[in-house]
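Peer 1: Listed here are the chains, written in short residue letters.
There are 2 protein chains.
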Amino acid sequence: MWQIERTTYEPEKRLVEESLFTVGNGYLGVRGCFEEGTHASSMRGTYINGLYDRVPMRHAEMAYGFPEIQDKQPRIIDTQTCEVYLDDERVTLKSKRYRDYVRRLDYRKGLSERRYVFKTKSGKEGEVSFERLASLTRKNLLIYRIKVVYNGKIELRSKIDCNIQNRGNTKDPRVGAGHMRLMKTLNIAKQDNQIKCLMETAHTRIEQATVVRYQVMSKGAEVPLVHLTNETEAMTIVTGHDEMVMEKLCIFTDGLRHGDAMSAAEALAEENLETDFSKLCAEQSDFLDRYWAVSDIEIFGDDRAQISVRFMLFQLLQSVGTDAYSNISAKGLSGAGYEGHYFWDTEIYVLPIMQMTQPEIAESLLKYRHRILPMAGKRARELGHAKGVAYPWRTISGIECSGYFPAGTAQYHINADIAYAFIQHYLYNEDLDFMADYGLEVLFETARLWWAIGSFHRGEFMIHSVTGPDEYTALVSNNYYTNAMAKYNLTWAVKLYEIFSKLGGERHEKFKALCERLSLDDAEIDRMRDSAEHMYFAYDAVMDLYAQDDTFLTKPVWPFRDTPKDHYPLLLYFHPLTIYRHQVLKQADTLLAHFLLEDYVTDLQISNAYSYYEPLTTHDSSLSTCIYGIMASRCGREKQAESFFMESLRLDLDDTHHNTKDGLHMANMGGTLLGVVAGFSGLRIKEEGLVFRPTCPGMWQGYRYHIKYKARLLEVHVTESTFKLKCLSGKPLEVEIFGEKYLVENEVNIGTKNEGG
Amino acid sequence: MWQIERTTYEPEKRLVEESLFTVGNGYLGVRGCFEEGTHASSMRGTYINGLYDRVPMRHAEMAYGFPEIQDKQPRIIDTQTCEVYLDDERVTLKSKRYRDYVRRLDYRKGLSERRYVFKTKSGKEGEVSFERLASLTRKNLLIYRIKVVYNGKIELRSKIDCNIQNRGNTKDPRVGAGHMRLMKTLNIAKQDNQIKCLMETAHTRIEQATVVRYQVMSKGAEVPLVHLTNETEAMTIVTGHDEMVMEKLCIFTDGLRHGDAMSAAEALAEENLETDFSKLCAEQSDFLDRYWAVSDIEIFGDDRAQISVRFMLFQLLQSVGTDAYSNISAKGLSGAGYEGHYFWDTEIYVLPIMQMTQPEIAESLLKYRHRILPMAGKRARELGHAKGVAYPWRTISGIECSGYFPAGTAQYHINADIAYAFIQHYLYNEDLDFMADYGLEVLFETARLWWAIGSFHRGEFMIHSVTGPDEYTALVSNNYYTNAMAKYNLTWAVKLYEIFSKLGGERHEKFKALCERLSLDDAEIDRMRDSAEHMYFAYDAVMDLYAQDDTFLTKPVWPFRDTPKDHYPLLLYFHPLTIYRHQVLKQADTLLAHFLLEDYVTDLQISNAYSYYEPLTTHDSSLSTCIYGIMASRCGREKQAESFFMESLRLDLDDTHHNTKDGLHMANMGGTLLGVVAGFSGLRIKEEGLVFRPTCPGMWQGYRYHIKYKARLLEVHVTESTFKLKCLSGKPLEVEIFGEKYLVENEVNIGTKNEGG
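Protein sequence lines, in the order shown, are assigned to chains A and D.
Okay, so the first sequence: first residue is 84 according to the working numbering, each after it adds one.
Okay, so the second sequence: first residue is 84 according to the working numbering, each after it adds one.
Read the hints as simulated data drawn from the structure, not as lab findings.
Watch out, some of these pointers could steer you wrong.
Each pair may be met inside one copy or between any two copies, as identical chains are not told apart.
Said to hold, decoys possible - No more than 27 Å apart at the CA atoms, straight line, and that leaves these computed lysine-lysine pairs for DSSO-like:
(1) 807 with 302
(2) 809 with 273
(3) 470 with 648
(4) 302 with 722
(5) 207 with 809
(6) 177 with 744
(7) 461 with 648
(8) 769 with 814
Please work from the sequences and hints to get the whole structure.
Peer 2: This is the structure we're talking about:
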């Protein structure tokens with residue numbers, strides 16, 4: 084229940100497993116490639132969150148405001164390799180002479196391990212094991228432990244490879260384009276039991292330093308090391324017999340955070356003189372015990388679901404940045420897909436999970452957005468807007484890196500998505516200081532964007548030439564999602580302006596100073612209120628349905644029956660124009676707005692939207708099924724909710740999108756976990772308080788999770804027949820369950836919908 | 084009246100003059116660069132119409148169906164240079180020691196000449212003159228004649244340069260991107276008085292051969308030549324005294340048309356052993372006498388307009404391809420702008436002028452479109468359409484070369500534009516054989532496209548995700564121009580199907596065979612009729628106005644008052660999204676449809692469209708003012724008509740768009756000439772016959788032109804007070820003038836609108 088495990092090695096799954104068995108700590112991540120080599124192609128990768136190089140972005144036809152450079156997450160130095168030789172014979176799985184293979188990613192221990200018994204050509208057997216751990220407490224540290232037991236000569240050849248390229252695929256827009264050398268080696272040095280490598284990003288010239296410290300024991304005695312280095316590689320060779328253990332402690336630093344990266348790495352090496360594998364293991368377990376105690380989502384009666392849910396929680400934890408330099412990229416730190424860029428995935432799919440029990444991480448993610456505000460402002464000016472900000476659709480450093488604006492820059496909704504996350508944070512914590520320091524500025528500046536791109540027509544506020552979350556329709560007028568989220572953004576900018584206007588003390592001073600700096604006044608707030616109040620939504624009265632945009636409902640439905648099964652995702656088989664002119668969705672759009680902003684519509688309208696849009700959705704995006712699952716729950720379609728949930732749950736573990744090799748789908752993970760919380764238990768965080776509509780999936784006996792909410796710790800426990808809400812700490816709380824108000828002093832117990840709701 | 088002339092050399096205008104003084108013959112064209120050099124940058128260029136190389140097209144983000152290669156018109160071998168030395172001193176204008184400078188492009192002689200008196204440092208004077216002629220009768224021949232009279236030593240150094248690159252500009256989408264070497268030198272040889280160069284296009288490996296034959300006389304005696312050649316250049320040096328004349332006959336061939344290009348060039352050299360400058364001059368004059376006799380547009384009482392109108396007629400003649408391998412590119416053969424690509428400019432702006440008096444050229448242009456049908460079919464398949472063709476928005480060889488599909492492939496209207504030109508050709512000539520051989524297939528296959536991309540919604544036929552002629556709005560639903568032109572395309576496909584169904588003989592056999600080959604049957608024709616009849620048009624009843632598209636009228640008007648004058652063209656200063664979300668036009672769109680298809684609307688609707696759309700139009704496109712001028716005439720706004728006409732007339736001659744250096748604006752030229760014919764005299768070619776609404780601009784005493792129409796030669800002569808229509812040959816004809824029918828037996832004389840209309 085606390086690990087994924089493989090007891091066979093299936094070569095054709097090796098690339099997918101490289102992603103699945105990633106270890107990371109939010110700062111660094113390393114794919115689960117084989118230390119001893121696989122004798123087959125591998126998609127090796129080690130990444131530092133937030134580190135970026137920039138390369139020119141070339142357009143077939145240039146136009147004003149198209150980005151001319153883009154960030155790329157570089158693969159950094161590869162410290163994974165450690166070849167093993169038994170009596171001079173190389174150990175590889177290719178030989179097929181092995182038994183008792185097992186591989187695990189352990190969520191409680193926070194490490195991955197792999198072991199097997201290898202039989203040499205002469206028939207002798209040796210045990211080999213590989214463990215690796217990215218420390219969650221000492222974020223710069225990654226450690227490998229290689230252990231070999233063999234009655235004969237044992238030789239280990241550990242490699243530190245600086246000759247690193249990013250790989251790409253010129254055909255698939257979801258992967259980076261072309262192979263590129265993004266890291267340059269400045270220096271490789273050997274010193275006693277250490278290898279020190281200083282590199283820098285090729286264009287941005289951000290330093291990245293690595294110190295690798297070896298400790299090798301053979302039969303309990305330390306073994307002398309031989310280092311061979313050249314300009315791009317360092318090889319360390321040790322020989323022994325009977326039993327050998329190598330610990331390879333890798334310390335990574337970078338110029339973004341650490342100034343002089345090598346000095347910082349050396350200082351960390353000094354600090355960690357006593358740090359070894361067992362010490363890091365102990366710390367890791369302690370950390371994870373504390374983590375799981377509050378952040379676990381327990382599933383009762385379905386072990387597979389439990390393992391999968393925890394896999395997601397663990398992988399999100401491994402990938403999420405916890406400083407202002409980093410965020411969580413579309414593939415976390417588990418692969419090169421989407422170039423390591425950060426998208427709206429953060430705010431709409433991952434942050435809601437962090438908000439529940441890891442408010443510090445949530446804050447850190449929000450601070451990242453605040454940090455890049457100046458760049459978003461500059462981008463807004465480039466786009467011709469006198470005021471406000473235009474957050475980049477995809478970025479690492481803060482610049483717009485989208486090469487195809489109809490499904491990039493045109494997705495202005497990212498501004499409202501970020502604003503939404505700040506508002507959710509406020510609703511969770513009522514933290515006025517955080518809002519004064521970070522939230523207000525983001526909310527005001529994003530709200531301004533709507534005024535810049537929207538306009539009144541016959542008394543209604545319209546927003547033209549945008550693309551909603553559904554990228555299978557682009558550059559439309561009045562995308563429902565965009566308009567609804569913009570309305571919310573505007574409404575809350577006004578609301579917080581009013582709240583802070585009435586506050587006293589330091590917060591008010593900060594607020595006043597901010598308004599002055601932004602030249603924001605009552606008149607502009609009035610305009611915001613006005614546009615929010617008169618926001619236009621395309622609506623079909625016959626169907627009582629909000630239209631995805633002004634012309635969506637007049638388009639023909641995609642010819643699903645004539646589309647071969649192997650022609651999905653459509654984007655890889657049809658020209659954008661062919662896709663755009665049909666009613667077909669890549670992922671939830673209007674319905675996603677109905678999830679995030681259910682009070683803008685009636686239950687019937689939500690249900691109508693589900694019935695209308697779901698059959699039009701290909702779910703070609705990994706961000707889709709999770710939302711449809713949640714909304715199926717919302718509409719009381721329990722079987723569909725379960726089915727979508729299961730689909731989302733196994734997306735990476737079963738590689739159902741055939742691209743898990745490029746990295747794990749972070750947004751899907753967040754969205755799937757939301758499937759339990761917002762889907763099955765129906766949790767919404769509203770201004771009026773918490774709202775639940777709990778159900779228990781038929782395949783489960785129950786589930787349990789916690790929320791930190793306004794200085795309280797709540798426990799939610801749903802079973803087949805009951806909904807229990809406990810207030811484990813903090814003051815009593817009023818919540819809404821199935822539309823009824825309940826005061827939770829210690830515990831509230833009611834029947835779930837399956838029974839009596 | 085038959086030439087443009089410059090009597091001063093203004094260095095800062097040299098690049099514009101290089102375009103203006105282009106000589107060409109539809110097959111080859113050479114910019115008016117200085118033989119003796121300018122000691123300043125030059126945009127040298129010699130081009131062969133239809134010759135293309137192909138280079139990879141790289142996209143910042145790839146998507147399915149994006150073109151991966153593109154055609155580029157290569158600069159070919161440069162034979163222009165001939166340096167002149169007087170007593171070993173180089174003659175250049177840079178010295179400023181010259182007098183009596185004059186430069187002419189002569190439309191009747193069909194050549195350009197340039198002459199001046201140069202004063203050496205020692206104060207001696209020499210006369211130099213440069214003439215060049217691209218033969219309109221022998222299309223492979225270009226000849227330079229350099230004459231020097233000087234009392235002393237004269238040396239000429241003529242260069243043939245194979246070291247050729249295309250130039251580019253990465254910022255301006257209207258110019259090609261990046262410098263590129265598109266021609267490779269295979270061989271340079273000297274033989275007696277000839278230099279022979281064999282080159283080939285770098286990627287497509289199409290041969291291009293050049294034979295240059297020198298004839299040099301000094302004081303009446305032939306002068307020995309010295310050829311110096313290396314791998315990329317041949318220099319021929321001659322010395323004499325007192326008077327020297329060099330004739331440099333250049334014969335160009337290419338592998339597209341001539342198979343073994345060098346053998347063909349050598350054969351042509353043999354054939355033209357006796358051909359010299361005086362002979363070519365005589366032929367050229369004869370040819371042009373015949374041309375002007377029928378194709379001239381005479382303007383009375385306005386010499387400047389007369390010169391400008393003839394300049395346009397002449398430059399179109401110089402640029403227009405007359406074989407199935409070539410067409411007329413956006414800049415003709417006068418520059419590298421738009422990469423030498425062919426656009427809809429041909430069918431909507433240039434062809435109508437050719438149709439009037441040069442039906443063979445018109446046919447040739449149409450045959451080019453027929454020739455590339457298979458490629459247009461392949462493109463339709465790529466776009467996911469089971470049937471029909473999708474003509475490339477821009478191309479040389481027939482492949483789609485547009486790198487930005489929202490203002491490229493999405494302009495599906497090019498299919499209807501091509502169909503329209505075939506229909507106009509039919510209306511002019513009633514040539515059923517041409518239709519059987521070429522027209523029907525194009526009409527049926529283009530009509531099919533509308534069925535592929537359109538769809539019925541509540542009984543109306545809609546077309547989504549297209550871009551109309553106005554590229555300042557993109558990817559819209561039901562663009563008026565597109566829908567109207569599609570309706571016409573469909574209607575005529577049906578009409579001609581019916582006509583040919585009833586025909587007998589060989590034509591019917593061809594028709595039957597075609598339908599069989601295309602699997603076209605009555606049922607499909609019924610569907611075409613049905614969609615044409617139920618074509619949807621967005622319409623505003625309050626304004627009695629056809630909307631440019633479904634959402635156009637709900638967008639805010641562009642903030643013209645806040646836009647600095649130096650921020651035009653908008654496309655160079657604003658992001659496409661900013662432009663797209665406003666009511667702002669780059670060029671006529673709905674109004675252009677009202678011009679081409681006036682019977683789809685009422686006079687009031689035309690007038691309303693003019694009043695509504697004109698103030699929203701920036702005329703950033705060179706295709707705009709000419710159409711607005713025509714439609715101002717149509718709406719009786721005579722002052723505006725004159726003003727737009729004058730603006731269009733001087734666009735290149737006064738370089739009002741600041742990019743004439745990149746080449747002349749062919750579409751504007753065609754459109755301006757249409758300003759006389761379709762604008763002032765109000766000519767329309769309809770199924771019912773010719774329609775006139777003649778007016779005479781206040782600044783003119785009158786104008787006169789001819790039309791070949793259904794085996795007749797007609798003369799139209801408009802004066803301030805009368806409209807005379809003469810039938811110079813052929814049977815009597817009924818025409819409509821100001822809505823009244825007149826039978827023209829010999830001549831019809833009525834008052835123009837200014838008087839009694």
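Peer 1: Of all the hints given earlier, name the ones this structure violates by number, lowest first.
Peer 2: 1, 2, 4 and 5
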